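Whenever a hint applies, use it, and build me the whole structure from the sequences.
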Amino acid sequence: MANVSIIGAGHWGIALASVVADNGYNVMVYARRPEEAKSLNDGYSSYFKDVRLNKNIKATSNVDEAIAFSNVIVISIPVATIYDFMNPIIENNPNKIYLFTSKGLYNGKSISTLFYEKNKSLKLAVLSGPSFASEVVEKKNTAVVIASDKAPVARQLQIIFNNTHFRVYTTDDIIGVEYCGAIKNVFAIICGMIDGAKMGTNTKNAIITRGLNEIAHVISFVGGNPKTLYGLAGIGDIMLTCNSLESRNYSYGFHYTKNASISYNQNGTIEGLNTINEIYKIAHDNNLEMPIINSLYNILFNHSTIDVESMKLMKRDIKDE
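187 is the number that the working numbering gives to position 187 of the sequence shown; each next residue is one higher, with no gaps.
Just so you know, these hints were derived from the structure itself, not from any lab. All figures in this text were calculated on a predicted structure; none of them were measured in a lab. Check before you lean on any hint, since a few could be wrong.
Unchecked claim - Only pairs whose alpha carbons sit at most 35 Å apart, straight line, appear in this in silico DSBU-like list of lysine-lysine:
1. LYS140 x LYS96
2. LYS118 x LYS281
3. LYS150 x LYS96
4. LYS120 x LYS96
5. LYS150 x LYS118
6. LYS49 x LYS118
7. LYS38 x LYS139
8. LYS49 x LYS140
9. LYS204 x LYS319
10. LYS258 x LYS319
11. LYS58 x LYS96
12. LYS109 x LYS96
13. LYS58 x LYS150
14. LYS118 x LYS204
15. LYS150 x LYS139
16. LYS118 x LYS198
17. LYS204 x LYS55
18. LYS204 x LYS140
19. LYS150 x LYS315
20. LYS38 x LYS58
As the list claims (entries may be wrong) - Pairwise CB distance ranges, derived in the manner of DEER restraints:
21. TYR44 x PHE221: 37 to 47 Å
22. ASN202 x VAL51: 18 to 28 Å
23. GLU35 x ARG155: 35 to 45 Å
24. LYS150 x PRO78: 19 to 29 Å
25. GLY200 x ASP317: 38 to 48 Å
26. ASN225 x PRO152: 46 to 56 Å
27. VAL308 x TYR44: 45 to 55 Å
28. ALA151 x SER304: 39 to 49 Å
29. THR164 x MET311: 47 to 57 Å
Positions of the beta carbon are idealized from the N, C-alpha and C atoms, including for glycine.
Quick look at the structure:
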């Protein structure tokens with residue numbers, strides 16, 4: 001029986017641990033807090049209190065133990081912490097497979113780009129697609145995509161994760177998948193604001209559709225394949241996260257319209273807040289036309305309002321689609 005290590009004991013880390021354990025693999029989860037590791041070893045997660053975990057899942061609060069446990073390392077921690085946390089680990093263990101599952105950008109770059117700049121021979125992959133952790137744990141049918149520029153890596157991970165309730169596709173467009181996953185969080189915030197302000201279904205669907213065009217511009221600019229946008233990592237994930245309060249980013253936008261405060265707090269990281277800054281800078285520095293991104297940035301950071309920005313978008317010069 002093969003081993004898999006999961007770095008991160010949050011919603012997504014535990015959901016993926018459950019998938020792999022169900023497939024017969026031994027799983028070691030790294031939990032930062034010793035008390036969380038103990039709970040996992042007792043068969044329970046604080047994020048899924050009513051679920052009895054698979055007996056193949058064990059936990060440790062010693063990251064070195066988790067890394068040594070397997071040659072396949074799944075990273076499920078916030079994007080803002082990934083580089084500083086994982087860089088020394090990857091430098092000391094360059095031959096392992098690393099699967100990143102968080103969606104966002106760091107210093108204007110995708111996670112794979114940051115690590116490939118230091119060592120192009122690394123075996124990196126990303127997992128993305130329309131998938132709420134709670135439904136994965138409940139074994140509701142889910143489809144995702146694993147992207148790697150090294151086909152054997154993608155195939156090995158596909159075999160590890162795929163089962164009858166968690167279907168895994170593969171692609172070599174790691175950049176496109178990463179940017180789709182990151183930018184969809186931005187549009188989830190926008191759609192949450194639209195629904196929170198009761199602006200209507202027409203408005204939201206217009207924003208989503210025109211937003212796809214903006215995402216395609218970015219993907220092309222950074223060297224990804226725009227066709228990836230029309231797969232699971234793109235429109236699939238957008239449809240999920242732009243329509244449900246279970247999405248932290250959508251929920252943030254929804255509640256923002258109620259108290260107009262960027263300090264709204266909830267359980268979990270709002271990756272879209274960091275990503276909007278990164279994407280706005282990319283667009284501004286490279287003269288990319290992204291009016292919807294600009295409008296959200298103005299609402300969040302320039303004291304504008306959703307009504308003002310909505311009017312600005314509707315008064316733009318008329319043009320062909």
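When you check the alpha-carbon spacing of LYS140 and LYS96, does it fall within 35 Å?
holds, 30 Å
Outcome for the supplied range 45 to 55 Å, where the beta carbon pair is VAL308 and TYR44
holds, 48 Å
Taking only the CA atoms, is the gap from LYS118 to LYS281 under or equal to 35 Å?
holds, 23 Å
Check the hint pairing LYS204 with LYS55 against an upper bound of 35 Å on the C-alpha distance.
Since the Cα atoms of LYS204 and LYS55 sit roughly 44 Å apart, the hinted pair is violated (cutoff 35 Å).
Take a look at whether the Cβ-Cβ distance between ASN225 and PRO152 falls inside 46 to 56 Å.
violated, 20 Å
Within 19 to 29 Å or not, the Cβ separation of LYS150 and PRO78?
holds, 25 Å
Range agreement (Cβ of ARG155 with Cβ of GLU35, hint 35 to 45 Å):
Holds - the Cβ-Cβ distance for GLU35 and ARG155, about 38 Å, lies within 35 to 45 Å.
Please test the hint of 47 to 57 Å on the beta carbon pair from THR164 and MET311.
Given a distance of about 49 Å, which is inside 47 to 57 Å, the answer is holds.
Does LYS118 sit within 35 Å of LYS49, going by the straight-line distance between their CA atoms?
Given pair LYS49, LYS118 is violated - Cα atoms ~40 Å apart, limit 35 Å.
Check the hint pairing LYS118 with LYS198 against an upper bound of 35 Å on the C-alpha distance.
Between LYS118 and LYS198 the Cα gap is close to 47 Å, so the pair fails against 35 Å, i.e. violated.
Please verify whether LYS118 and LYS204 have alpha carbons no more than 35 Å apart.
violated, 41 Å
Does LYS139 lie within 35 Å of LYS38 when you go C-alpha to C-alpha?
holds, 24 Å
In summary, the numbered hints that this structure violates are 6, 14, 16, 17, 19, 22, 25 and 26.
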